[in-house]
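Peer 1: The lines below spell out each chain.
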Amino acid sequence: MTKLAQWLWGLALLGSAWAALNVGALGLELPAPCRDVLWPLPAYLLVAAGCYALGTVGYRVATFHDCEDAARELQNQIQEARADLSRRGLRF
Amino acid sequence: MASKEASRTPAWSRLEPEGRSPPQNTYSVLLPTYNERENLPLIVWLLVKSFSESGFNYEIIIIDDGSPDGTRDVAEQLEKIYGSDKILLRPREKKLGLGTAYIHGMKHATGNYIIIMDADLSHHPKFIPEFIRKQKEGNFDIVSGTRYKGNGGVYGWDLKRKIISRGANFITQILLRPGASDLTGSFRLYKKEVLQKLIEKCVSKGYVFQMEMIVRARQLNYTIGEVPISFVDRVYGESKLGGNEIVSFLKGLLTLFATT
Chain A
1 MTKLAQWLWG LALLGSAWAA LNVGALGLEL PAPCRDVLWP LPAYLLVAAG CYALGTVGYR
61 VATFHDCEDA ARELQNQIQE ARADLSRRGL RF
Chain B
1 MASKEASRTP AWSRLEPEGR SPPQNTYSVL LPTYNERENL PLIVWLLVKS FSESGFNYEI
61 IIIDDGSPDG TRDVAEQLEK IYGSDKILLR PREKKLGLGT AYIHGMKHAT GNYIIIMDAD
121 LSHHPKFIPE FIRKQKEGNF DIVSGTRYKG NGGVYGWDLK RKIISRGANF ITQILLRPGA
181 SDLTGSFRLY KKEVLQKLIE KCVSKGYVFQ MEMIVRARQL NYTIGEVPIS FVDRVYGESK
241 LGGNEIVSFL KGLLTLFATT
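Top line first, the protein sequences correspond to chains A and B.
Take 1 as the starting number for the first sequence in full-length UniProt numbering and just add one per residue.
Take 1 as the starting number for the second sequence in full-length UniProt numbering and just add one per residue.
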């Protein structure tokens, strides 16, 4: 099964459960306060997922390592390499 | 010179204390190049240094796609300096894409492990011994360098570039659940037969090609180990990330999402 199909299946499953509970199918009659929460639940979840995504990406951008040391080390090694290679007769 | 000495000493003699490594392990580094005249001698020097210090058996295969800047001339000089058993030149007439460069290079590779990396100095050879250790640790089919984990990171990226990179990585992880944290990186070690199998299966190009390799690997139940790497963005030459790259990345991502 492709990832797309997995997502569609998952969404269809959750969606139909949500719809069934909302219209009270299968004799499932929820108490009124529950139904009040259930009805806008997908919208809440969407907003929560969006916040999670923004928060996660933001955190990861903020903690993305800047490899200053690696860059400095490389610069030094480049000097060393140039000197050594010239000594061995490389024409750059 | 230390590097000459090291290449004469059989690599396995120094590996014996570890016991597990068979003497015949050889690591073939594939370096596809296009206009890398500045960088090629430096990356080769760093590779030789890294392998000499770690003592693993190696060869470097340079696949130059007819660069007009004389990359090939520099490569020939390097072959003379380091010997044609260590530096193998397998040029091609014109620019023909990364996947076919790997196939072309592999045809001539004598190693049982293949290391692929960029020749532009963004990937440092000092990580290769860590890749090899990691591979032995779990007998992984693939070891992938990652900028997104542990001590991994980047140098020379502005905020915008970081946001795009992290954002794209986040979406990819959610949609594809690939089992590896860095999909667009191209610093990896493969068992030779695994790389061969994967290239046969892969159809995309550019950034997406690297991503597809990992996704296909997961499909084929190959195991993937990861090593944090520092990615130092191009010292010489221009780094490329434009609108076009982003669009083709998204297209590729959605294609993989719908087909794998």
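Any given hint could turn out to be false.
Below 20 Å or equal to it, Euclidean Cα-Cα: the simulated EDC-like pairs (lysine to aspartate or glutamate) are [as the list claims (entries may be wrong)]: (1) B:149 - A:84; (2) B:149 - A:80; (3) B:160 - B:233; (4) B:126 - A:29; (5) B:126 - A:73; (6) B:126 - A:80; (7) B:49 - A:66; (8) B:126 - A:68; (9) B:160 - A:80; (10) B:160 - A:73; (11) B:197 - A:29; (12) B:162 - A:68; (13) B:86 - A:84; (14) B:126 - A:69; (15) B:80 - B:59; (16) B:192 - B:53; (17) B:134 - B:53; (18) B:126 - A:36; (19) B:197 - A:84.
Derived contacts from chain A toward chain B, CB cut-off under 8 Å, selection only [unchecked claim]: (20) 29; (21) 35; (22) 45; (23) 46; (24) 47; (25) 52; (26) 53; (27) 60; (28) 65; (29) 74.
What the hints contain is simulated information worked out from the structure, not anything from laboratory work.
Where is the CB? At the ideal position from N, CA and C, for every residue including glycine.
Peer 1: So, for every hint listed, does it hold in this structure?
Peer 2: Now the hints, each set against the structure:
no.: 1; hint: B:149 - A:84; verdict: violated, 34 Å
no.: 2; hint: B:149 - A:80; verdict: violated, 30 Å
no.: 3; hint: B:160 - B:233; verdict: holds, 15 Å
no.: 4; hint: B:126 - A:29; verdict: violated, 65 Å
no.: 5; hint: B:126 - A:73; verdict: holds, 11 Å
no.: 6; hint: B:126 - A:80; verdict: holds, 15 Å
no.: 7; hint: B:49 - A:66; verdict: violated, 25 Å
no.: 8; hint: B:126 - A:68; verdict: holds, 16 Å
no.: 9; hint: B:160 - A:80; verdict: violated, 33 Å
no.: 10; hint: B:160 - A:73; verdict: violated, 25 Å
no.: 11; hint: B:197 - A:29; verdict: violated, 55 Å
no.: 12; hint: B:162 - A:68; verdict: holds, 15 Å
no.: 13; hint: B:86 - A:84; verdict: holds, 18 Å
no.: 14; hint: B:126 - A:69; verdict: holds, 14 Å
no.: 15; hint: B:80 - B:59; verdict: holds, 14 Å
no.: 16; hint: B:192 - B:53; verdict: violated, 24 Å
no.: 17; hint: B:134 - B:53; verdict: holds, 17 Å
no.: 18; hint: B:126 - A:36; verdict: violated, 60 Å
no.: 19; hint: B:197 - A:84; verdict: violated, 39 Å
no.: 20; hint: 29; verdict: violated, 36 Å
no.: 21; hint: 35; verdict: violated, 30 Å
no.: 22; hint: 45; verdict: violated, 14 Å
no.: 23; hint: 46; verdict: violated, 14 Å
no.: 24; hint: 47; verdict: violated, 16 Å
no.: 25; hint: 52; verdict: violated, 10 Å
no.: 26; hint: 53; verdict: holds, 7 Å
no.: 27; hint: 60; verdict: holds, 5 Å
no.: 28; hint: 65; verdict: holds, 3 Å
no.: 29; hint: 74; verdict: holds, 5 Å
Checked against the numbered hints above, the structure breaks hints 1, 2, 4, 7, 9, 10, 11, 16, 18, 19, 20, 21, 22, 23, 24 and 25 and satisfies the rest.
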